[in-house]
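> Chain by chain, the residues:
Protein chains: 2
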Amino acid sequence: MKLDDSSLQKFGFIKRDTLGSINIDPLQTGGRLTEAAKQALVEWGDGYSVCDFCGGILDQIKKPPIYDFVHKALPEFLDCDEARVTNGARESKFAVMHSIGKPGDWIVLDGLAHYSSYVAAERAGLNIKTVPHSGSPDYYLDPEGYATAIEEVTKESGKPPALALVTYPDGSYGNLPDARKIASVCHEYDVPLLLNGAYAVGRMPVSAKEIGADFIAGSGHKSMAASGPVGVLGVSEEYAPIVFRKSKYNKVKEVELLGCTARGATVMTLIASFPDVVKRVRNWDQEVENARWFSARFEEMGFIQRGQKPHSHDLMFFEAPRFYEISEKVKKGRYFLYKDLKARNIHGIKSGLTKYFKLSTFGLGKEKLGIVADSFEEILKKYEDV
Amino acid sequence: MKLDDSSLQKFGFIKRDTLGSINIDPLQTGGRLTEAAKQALVEWGDGYSVCDFCGGILDQIKKPPIYDFVHKALPEFLDCDEARVTNGARESKFAVMHSIGKPGDWIVLDGLAHYSSYVAAERAGLNIKTVPHSGSPDYYLDPEGYATAIEEVTKESGKPPALALVTYPDGSYGNLPDARKIASVCHEYDVPLLLNGAYAVGRMPVSAKEIGADFIAGSGHKSMAASGPVGVLGVSEEYAPIVFRKSKYNKVKEVELLGCTARGATVMTLIASFPDVVKRVRNWDQEVENARWFSARFEEMGFIQRGQKPHSHDLMFFEAPRFYEISEKVKKGRYFLYKDLKARNIHGIKSGLTKYFKLSTFGLGKEKLGIVADSFEEILKKYEDV
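One line per chain: the protein sequences are C and A, in this order.
Heads up: the first sequence runs through residues 639 to 1024, numbered per my numbering.
Heads up: the second sequence runs through residues 639 to 1024, numbered per my numbering.
Keep in mind that the hints are not guaranteed to be accurate.
You can't tell identical chains apart in this list, so a pair holds if it fits in one copy or across any two.
Claimed, not checked - Quick list of in silico lysine-lysine cross-link-like pairs, DSS-like style, CA-CA up to 25 Å:
no.	residue 1	residue 2
1	K740	K767
2	K889	K640
3	K797	K740
4	K653	K710
5	K767	K886
6	K701	K988
7	K977	K993
8	K740	K700
9	K884	K740
10	K676	K653
11	K970	K676
12	K947	K993
13	K967	K988
14	K819	K980
15	K977	K947
16	K701	K648
17	K993	K653
18	K970	K701
19	K980	K1020
20	K767	K988
Calculated directly from the structure, the hints in this document are not laboratory data.
Can you make the complete structure from the sequences, with help from the hints?
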């Protein structure tokens, strides 16, 4: 591409078509900015803005209160000993895997682990053993499966895995496994546990200490109303000196964080939304109630909710055999659902999906959820003769 | 910290004190957002905004034109075969080091390399050999030093280093080494070269192919008028399959990028500013002229510019013996300069520095640079009897 005026025209400011829609994509519902975060974004948008206030260590900046946020508020919020801000949950996971494991070591992942957990382990050179789930319809994860997996690794490789990970909840079905029991099983074998809380931290109460997780990863752009990429990482006292070890070349810089991570608008939007995020987490029971109400309405229409029931998270997976039937017959084929939802200003079911899809009810409230449910009902009706 | 209403009050939206000042911090001058980027920031601020348009691979998104940007515009701009967007220049460097080197391998760095190059190499488990510079006043980097360093590594470790890196320009003196000659020296030994262009890409013309660099790293928040953390990485055809290798667990995700990198406002501000960035790079001769004019005015006042002369970059290092003298005598001590500049609405010389400091003239234009130079002159005058 020659970079002339004509080709450059396609870049510059670009509108975001989905901005005004009701978005039920699980990736988006917890990442919508608060008003304070929108203001922070404009205020701190320039490149390295927070570095104007930095004496050499990002998380030691006193004003703006990054120090208080990272070293006082975050450990309290995650209920862990030490915390840092990272470039995302996957970067948090990689930092843990890369510092706790050595290439050739093993890691145990739950069978519903996010692809980024696999990729992070692969990047760290770790071999992967998965704990199977029970499959459809519950996708239940038996904590005892961790014992079996750890024993298998030990038998095959001569030593226990370096690390275990559990996804809490998983990103497909929104299942909340018994993380506390899993931590206890792992600890019986002296295997530390990393809790991937990308869909938990910032949405629902979660305590690393109560669970017994040695590490906890959260996502700012997924669940903490922040502009990404930004994440959080909590580590126990025992492992903090390893994960947050300092460079031998530069005494104040932490190796796994490459010195500095979120250094600008991202950390400032995380801080801006934090008071609201703390408050919304306290409102989690209402979110669960909304999710259950929504699931019940969907089931009344003949959709089948997969995963835990009654459900305890806003992320839900549905099977919609009737939509699949329709897609086989209508002109627009498998794109009919996406288009009919778009016409109703609803976004978030991936284009082309009909038989199976996931969605999230988080933060939408009963009124908007009602509009979504009514819209699905209308679409069913529209095609009732098909 | 108990997360109650009183403690949460310190978070939320926070003002940025330096927003209206003339900022000469080298970290800031190339990262100021364009108007288009400010608009993009607000439009695309929410968490995972671009993922609404993603079919599974970030850099394949057609609308917004991330695909065209990453696969057509960026390779042209960097003059390399393949490019990607990353979470920053240091993350670009780590991705290269981690995929090209194995723990225990060696890397050759120039003696003026940024700390993040050291930390990235350390994180990748690489041993570091540095190419010495000539020291004060020029800090000249002899390309032949790379031959010596490579030979030393080969002698000591039994094999050549996995990689060499050159900082172009360095972040202390703004020196532009003879990167083309360095590439040619490295290639004589079959050692690939990574060009750290965090202060070049987006400010001045730079061509990976003309230089002969196998890899080129750039920074969005440092030099491409983008809201960070965001960076770019260019790789030659030969090494692209290694650095951008796909996961064995997920066929579309690239391991070194952990699947996805800049997935939201950061990539959209990079794209928003891109047309202006392409244009400002064409204006580089004027920037160099401004830097030289500024340097001359500073030298007239008795400050001494260190590093290359005549200078060919906006980042400059000054020695100011007179300011040091003043700082020894005045009440405010070494903070007098910071405070006197602040009173004149100028920011960017680190608080407490007087004898040595660096600054950048980039993008400020003659008028603002005149104000800065006049202000330094006034401050000298203010203390002339001290």
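> Next step is simple, just say for each hint if it's right about the structure.
Evaluation of the provided hints:
{"no.": "1", "hint": "K740 to K767", "in the structure": "both (15 Å within a copy, 24 Å between copies)"}
{"no.": "2", "hint": "K889 to K640", "in the structure": "neither (45 Å within a copy, 31 Å between copies)"}
{"no.": "3", "hint": "K797 to K740", "in the structure": "both (13 Å within a copy, 23 Å between copies)"}
{"no.": "4", "hint": "K653 to K710", "in the structure": "between (38 Å within a copy, 21 Å between copies)"}
{"no.": "5", "hint": "K767 to K886", "in the structure": "between (33 Å within a copy, 14 Å between copies)"}
{"no.": "6", "hint": "K701 to K988", "in the structure": "between (42 Å within a copy, 15 Å between copies)"}
{"no.": "7", "hint": "K977 to K993", "in the structure": "within (15 Å within a copy, 65 Å between copies)"}
{"no.": "8", "hint": "K740 to K700", "in the structure": "neither (35 Å within a copy, 38 Å between copies)"}
{"no.": "9", "hint": "K884 to K740", "in the structure": "both (18 Å within a copy, 21 Å between copies)"}
{"no.": "10", "hint": "K676 to K653", "in the structure": "both (17 Å within a copy, 13 Å between copies)"}
{"no.": "11", "hint": "K970 to K676", "in the structure": "neither (38 Å within a copy, 38 Å between copies)"}
{"no.": "12", "hint": "K947 to K993", "in the structure": "within (20 Å within a copy, 68 Å between copies)"}
{"no.": "13", "hint": "K967 to K988", "in the structure": "within (19 Å within a copy, 68 Å between copies)"}
{"no.": "14", "hint": "K819 to K980", "in the structure": "neither (43 Å within a copy, 57 Å between copies)"}
{"no.": "15", "hint": "K977 to K947", "in the structure": "neither (30 Å within a copy, 63 Å between copies)"}
{"no.": "16", "hint": "K701 to K648", "in the structure": "between (39 Å within a copy, 10 Å between copies)"}
{"no.": "17", "hint": "K993 to K653", "in the structure": "neither (31 Å within a copy, 48 Å between copies)"}
{"no.": "18", "hint": "K970 to K701", "in the structure": "between (55 Å within a copy, 21 Å between copies)"}
{"no.": "19", "hint": "K980 to K1020", "in the structure": "within (15 Å within a copy, 66 Å between copies)"}
{"no.": "20", "hint": "K767 to K988", "in the structure": "neither (30 Å within a copy, 50 Å between copies)"}
Checked against the numbered hints given earlier, the structure breaks hints 2, 8, 11, 14, 15, 17 and 20 and satisfies all the rest.
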